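Undergrad: With chain A's structure known, arrange chains B, C and D on it following the hints.
Chains as they are written, first to last, in this note's numbering: chain A, 1 to 332; chain B, 333 to 664; chain C, 665 to 996; chain D, 997 to 1328.
I should point out that these hints are in silico values taken from the structure, not numbers from a laboratory.
Since the model is a prediction, treat every value here as computed from it, not as a measurement.
Hints may be right or wrong, so weigh each one.
[What the hints assert, rightly or not] Coverage of chain D stretches by chain A, computed from C-beta distances (three or more under 8 Å per stretch; other residues unrestricted): (1) 1002 to 1015; (2) 1124 to 1134; (3) 1150 to 1163; (4) 1232 to 1241.
Heads up, the beta-carbon is just placed ideally off N, CA and C, and yes, glycines get one too.
What follows is the residue order along each chain.
There are 4 protein chains.
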Amino acid sequence: MRYSVILGNLGNTCDRFLSSGYKKDEQKESLWEQVGNMPEVSGIELVGTWDVNPETLREVTHNLEAYSLECCSIIPDLFGQQRWGKGSYSAPDADVRKQAVEYTKELVDAAVEIGCGLINIWPGQDGYDYPLAADYLEERQWLLEGLTECAKYADERGVKLSLEYKVKEPRTHSYLARAADTLLTAQATGFPNVGVTIDSGHAFAAYENVGESVALLSMFGEKLFHMHFNDNYGFWDDDMIVGSIRTVEHFEMLYWLRAAGYSGWYSMDQYPYREDAYGAIRSSILYLKQLEEIIDYVGMEAVQELIRKRDAVQTAEFIRNHLLGKPGQQPS
Amino acid sequence: MRYSVILGNLGNTCDRFLSSGYKKDEQKESLWEQVGNMPEVSGIELVGTWDVNPETLREVTHNLEAYSLECCSIIPDLFGQQRWGKGSYSAPDADVRKQAVEYTKELVDAAVEIGCGLINIWPGQDGYDYPLAADYLEERQWLLEGLTECAKYADERGVKLSLEYKVKEPRTHSYLARAADTLLTAQATGFPNVGVTIDSGHAFAAYENVGESVALLSMFGEKLFHMHFNDNYGFWDDDMIVGSIRTVEHFEMLYWLRAAGYSGWYSMDQYPYREDAYGAIRSSILYLKQLEEIIDYVGMEAVQELIRKRDAVQTAEFIRNHLLGKPGQQPS
Amino acid sequence: MRYSVILGNLGNTCDRFLSSGYKKDEQKESLWEQVGNMPEVSGIELVGTWDVNPETLREVTHNLEAYSLECCSIIPDLFGQQRWGKGSYSAPDADVRKQAVEYTKELVDAAVEIGCGLINIWPGQDGYDYPLAADYLEERQWLLEGLTECAKYADERGVKLSLEYKVKEPRTHSYLARAADTLLTAQATGFPNVGVTIDSGHAFAAYENVGESVALLSMFGEKLFHMHFNDNYGFWDDDMIVGSIRTVEHFEMLYWLRAAGYSGWYSMDQYPYREDAYGAIRSSILYLKQLEEIIDYVGMEAVQELIRKRDAVQTAEFIRNHLLGKPGQQPS
Amino acid sequence: MRYSVILGNLGNTCDRFLSSGYKKDEQKESLWEQVGNMPEVSGIELVGTWDVNPETLREVTHNLEAYSLECCSIIPDLFGQQRWGKGSYSAPDADVRKQAVEYTKELVDAAVEIGCGLINIWPGQDGYDYPLAADYLEERQWLLEGLTECAKYADERGVKLSLEYKVKEPRTHSYLARAADTLLTAQATGFPNVGVTIDSGHAFAAYENVGESVALLSMFGEKLFHMHFNDNYGFWDDDMIVGSIRTVEHFEMLYWLRAAGYSGWYSMDQYPYREDAYGAIRSSILYLKQLEEIIDYVGMEAVQELIRKRDAVQTAEFIRNHLLGKPGQQPS
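Chain A with its partners taken away, still in its complex shape (with noise of 0.2 Å):
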């Protein structure tokens, strides 16, 4: 498993009620080399404008090679300037919608720049808030031309666009809310480098199973491109450290991802906003690693086994005898 970590994360986090955010704000170096200095971790994922963007393109090749880092994905900012937000490809202003399409464009070529294969799509801002005011059929065509068009861009380089989803926030309602209607998007496209992201937590909160949509994508053509971590109580993002809620969840999910032969990324993606951000980002993996090692002691085979049974009480005892904790079991 390769695992990287979103720069922006170890920095300052805000909300609406603290915007300055809940801690001092760090020196973009300092962020970059918690990172490098992360054990486990070998790729980073850079936020356009805030960390990679055409005046920052030599720092960041710097940056990657004295870390030896790849970074594995770009997420246009899409969702942080003021002028996305009534949304970007889908915005009403059509001006709007075309420096959606061109700022993507730049990030495409400035990922070709830096060797990174995908740019991650989060349209956070292409949704709509009240019913009654918005024109679903126009805004959705909008976008999926806009994307269309970034699409054919991207597949000319040899990037792919991988379509992240989220079913609220900031919208009340996103266009890309799920893992199937992000797929259809994706497919409509009609351009193969088009797929999709999984954020394990924005799928919580559209109460998915991400074993199930890790299943579905793969089940629907191979389509699953990227991975975003972290947990949540099931309502909302809440950004949490990985493993503080779900167990049986987090387990099943890395088999699926196995299962289905992803060999993407393991990006981790959360808002530490009191937390030592480091350790908060490091818990997330070391989590994962402690049940892939669970995976590869008990074998695929035997999860697929167990799982064909479809017996809640065997499944029971599964996660007794390997999931839960037993008193005084050694450190690893």
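TA: Relative to chain A, chains B, C and D alone:
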């Protein structure tokens, strides 16, 4: 608009705590009579095996004529028999899967016999409850195979299959869960006679905006075949009287059904546990009709103009002017 | 810890779609035998009228002795009879309200007779479904009056009343909905023998952290009288095997039950619709016992020290070290 | 009815993705002007330290007079400063707890100075995020101690404290979470000047029926001191225009506020991220006023008669006749 009713909704309804039901059991004949006497209703939905089966075909035909009703859909009982307890089309037991297909074919034949053009398939038991106790890929494959075989059979006889989704209940997770995954499944059968049923309450419980779901199914191929109506609080399939909770969303839904050119039935599907069933169901129809009259009055163009303003303040004004009552308004 | 089981959970369970139940009906004697044979179990909860009523008192006494079980609670059937369909203590019909009180008193007498010290009151039908169709003040008043009369009667006979809350189902809204409002109601009776039952699944479905609910009831007067255990996804009373979804919350819950000095029973309350009931219920107990052993191993002080660090990163480390399995750990 | 507005709602609003806000920042003077010009509004709520602090008292007094506004409440800023990031009254750091109390006292003094009789306390940071990372008992105790000290201070100066609850956000779990636990806390201070604020949207997000919450607070001691209004989808504090989603619940809420003898303010509390703030807030007031006119027209007795029928079918008829618009109704 053509309104219809699911026959069984007029009878006794139970839940897991009061399995004998909240009311007296009624004679089937009395249920037919009630539907027949509902002035706005010209269609009926029948559940096989309860309402329609090889033995009762003649009686059903007689009743349809006697009450001047069209059978707009037959709903195979794939949920209320012990043999489907662990699934129907996707049951672990190959024999049960075969039975599910054969049983569906029988009802296709019945549909042909009584002049009904649509089988509404709600495979409520096809899903899973616990993490790590199902093989999503194998089960989704079984589901697809079963549906494909049914689709072929129905297509040859000029009957449509409409797949009704529901995010959960009776399983904690259903395979046909949301509009988009159900559309993917319908497409994957490869048969043009397979489409999707939106049950508005099921969609609400999946946090879908039904207007958007209608638009989505229209955008990806005119795949909305049938509509069920009921209201709820957004967390569960409460199966309440339409308009008890939501006003604006219902108005918007009716707008989109017209805008998308939906020409199917508007069928009521409720569980009036403690209410007078006739009154509860008719209330839903009267509510929808009142909304339709408002659409007629303001005009489709005005609504389209409004939604293209994408301005919640203007929407709020529209709501106060047209959707919210005024003191002393004349009862219609 | 003393573990108990609700007798009926071992029998057939139904839902609104499959009212005949997912399994074969079983003889009551066989259910008793199963409880009696569960090694970890020394208590039983009985539902009146199903399991205990004036006619069966002798048989119950015999069974309790034969299987060396203590009856830790009687649950009046205030939910599964048509007469309670629109409420029991708060029913609009004064005669029904009177019946609810009288029926409860009968079971207080039965409890005295069989040496049971606690009546667990779950007035599941006392609530409402639709907005603008209930008089909350009048109904809450009726509820309080009924409970107060029962409390007086029980107090004179040395029996406790424990009020079990549940946010919804079978009504869309219950009057005893959450820990705090149930405590207010218990207090308002003015009788010291009235307390609260936490059903962990009910609390999860109300987005309560059960550990906090335990602390709350302790803080406002040692009012936690009884505990029911089961797991769910957070949206509905799925009544699943304990530990199928949540690990950390269960550990924390057990910590708080000890920390708050709870000395009552740990009673399993599940609906194993499609599972082997004996296995499903025993799995919950084994899961809880394994967690208890971990608490014993690490020590209450260590847990208190951890929670007072209020540091999610250290909690994550604790989870990996103690609550999450290790590859190759010895099955206990 | 006396309507008021929270000053800051008219300004720029941000979220965690767009921390600079969706609009231009506005001069405070312009916000005052907008409130002053809203014809239906006679009150204002101010957030300390932003809107009111020792330095600006004279200016505030001037503005109140200039715009003929009454300051109906001051909301201490216990949520938007880094020092409260891990809690205010219940912060782990004793010095921070002390600061929270002192800061509240300062605002009590300010209230006295400008003739405001109510401090609206929303301790949004007092809660927790992760299981097993908080000592609920200790923290609830600290919270109670802090509030009690503030209550004493305010009581001596003739000022009320109204505790505003919210089930979550910015923490995943708040200590003042729901109506009943907040009432318990208010009672536990032992001071009669402590009551509860219902923010309708916070209550919706906790699955409360606000009408019932009003009834509950009335039943247990006339403890409803203040009201905030906004609408949402039921899962999150979307802070939308009143009436965008719910109709019947709003009508019922207004009925209960009258029936319970609530004599406080009707204060709008919204986050019009992408909307014209003036228009969005005034829309809420106009919506509420239209509902009030309907209550006036049909009469309180008629509504009481309706809810005592406890018949959803008759409620549905009432909805169609009075709450749902009619085609061609005269705009008021």
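Undergrad: Hint by hint, say whether it matches the structure.
TA: Hints and how they fare:
1. Counting residues of the region 1002 to 1015 of chain D whose CB falls under 8 Å from any CB of chain A gives 7; the rule of at least 3 is met.
2. With a threshold of 8 Å between beta carbons, the proposed coverage of the region 1124 to 1134 of chain D by chain A holds, since 3 of its residues qualify and at least three are required.
3. Restraint check on the region 1150 to 1163 of chain D versus chain A: 0 residues with Cβ-Cβ distances below 8 Å, three needed, restraint violated.
4. As drawn, the region 1232 to 1241 of chain D meets chain A at 6 residues by the rule of a beta-carbon pair under 8 Å; at three or more, the given contact holds.
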